[in-house]
Amino acid sequence: MTFDYPGYDLKFIQREPCNDTTAHEYTLVFKFFSTATKLHYIVRADYHTGDVFAIKFYCKQHRRSERKYNIITNKGDLGNILVTCAKVIPLLLKCYPLASIGFSGARTIDRQKRAEGYHNNQRYKIYKQLIPMKIGRVTFEHVAYDSISSYLLINRNNPDILQKEKELKEMFIATYTDLFEMI
Amino acid sequence: MDTLVKKTRLSKGERLNWEKVKRVTPVKLTPDTVVGKFITEREHNKISSNNKRFLVP
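Going line by line, the protein sequences match chains A and B.
Sequential numbering of the first sequence, starting at 0, is according to numbering that gives the first Met the number 0.
Sequential numbering of the second sequence, starting at 0, is according to numbering that gives the first Met the number 0.
There may be inaccurate statements among the hints.
[Claimed, not checked] Derived pair list, reagent style DSS-like, types lysine-lysine, alpha-carbon separation capped at 25 angstroms:
no.: 1; chain 1: A; residue 1: K168; chain 2: A; residue 2: K112
no.: 2; chain 1: A; residue 1: K124; chain 2: B; residue 2: K36
no.: 3; chain 1: B; residue 1: K11; chain 2: A; residue 2: K74
no.: 4; chain 1: A; residue 1: K127; chain 2: A; residue 2: K168
no.: 5; chain 1: A; residue 1: K127; chain 2: B; residue 2: K6
The set of hints was computed from the structure by calculation and includes no laboratory data.
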């Protein structure tokens with residue numbers, strides 16, 4: 000798979016404050032429309048303490064579902080949708096040149112309400128191929144967490160990459176305590 | 000008379016033996032269990048060898 004897709008134009012919607020006690024400070028919300036699937040998609044960039052964004056996206060028609068990140072839409076146009084989500088990274092870097100980026104592959108829940116495992120899941124396998132194709136190594140250090148299906152792009156402007164990776168990992172673990180809870 | 004049994008293809012969840020949602024338990028993450036692997040330049044070049052352009056260099 001080459002992921003040579005143009006993607007769609009992202010539109011910035013709003014900045015949502017987050018008032019809980021976690022490291023999550025606010026969210027930048029973007030949206031785009033897929034002409035192939037005729038569906039709108041929402042991209043959320045959650046800004047956290049430590050100058051790091053967690054990128055999430057879902058189909059707008061699933062916005063009221065608590066499992067909106069786990070549902071398979073199965074309408075096609077995967078390449079354009081994922082490339083469009085990746086296009087949020089250069090947009091964020093314009094305003095946050097020192098920011099790092101993290102994301103996690105959500106476990107899939109199928110129609111029989113069976114859930115995928117959290118190790119190396121199918122979304123993560125695709126992200127792990129896509130991100131090195133679209134994001135180079137000049138700006139970011141790439142770190143893959145196969146055991147929890149997560150991926151981290153650490154900004155190279157940080158003086159100590161190893162220390163930054165450790166700090167971000169601890170922050171995410173403290174913030175997303177129920178990351179894989181689905182009961 | 001034998002009854003006709005319609006054979007349907009197994010769902011992806013059944014084929015991959017995914018768990019029922021009610022049996023999925025939350026996972027407590029700790030810094031020791033979450034071990035990252037830094038992607039080397041060689042691995043990165045291998046994956047991106049067919050790439051035409053990066054969104055971010």
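Quick rundown of the hints versus the structure:
Proposed proximity of A:K168 and A:K112 is contradicted: the alpha carbons are some 30 angstroms apart, above 25 angstroms. Between A:K124 and B:K36 the alpha-carbon distance is near 14 angstroms, which keeps this suggested pair within the 25 angstroms criterion. The straight-line distance between the Cα atoms of B:K11 and A:K74 is roughly 16 angstroms, inside the 25 angstroms bound, and the hint therefore holds. About 18 angstroms separates the Cα atoms of A:K127 and A:K168, which keeps this hinted pair within 25 angstroms; it holds.
Note on A:K127 and B:K6: the hinted pairing is violated, with a Cα-Cα distance of about 36 angstroms set against a maximum of 25 angstroms.
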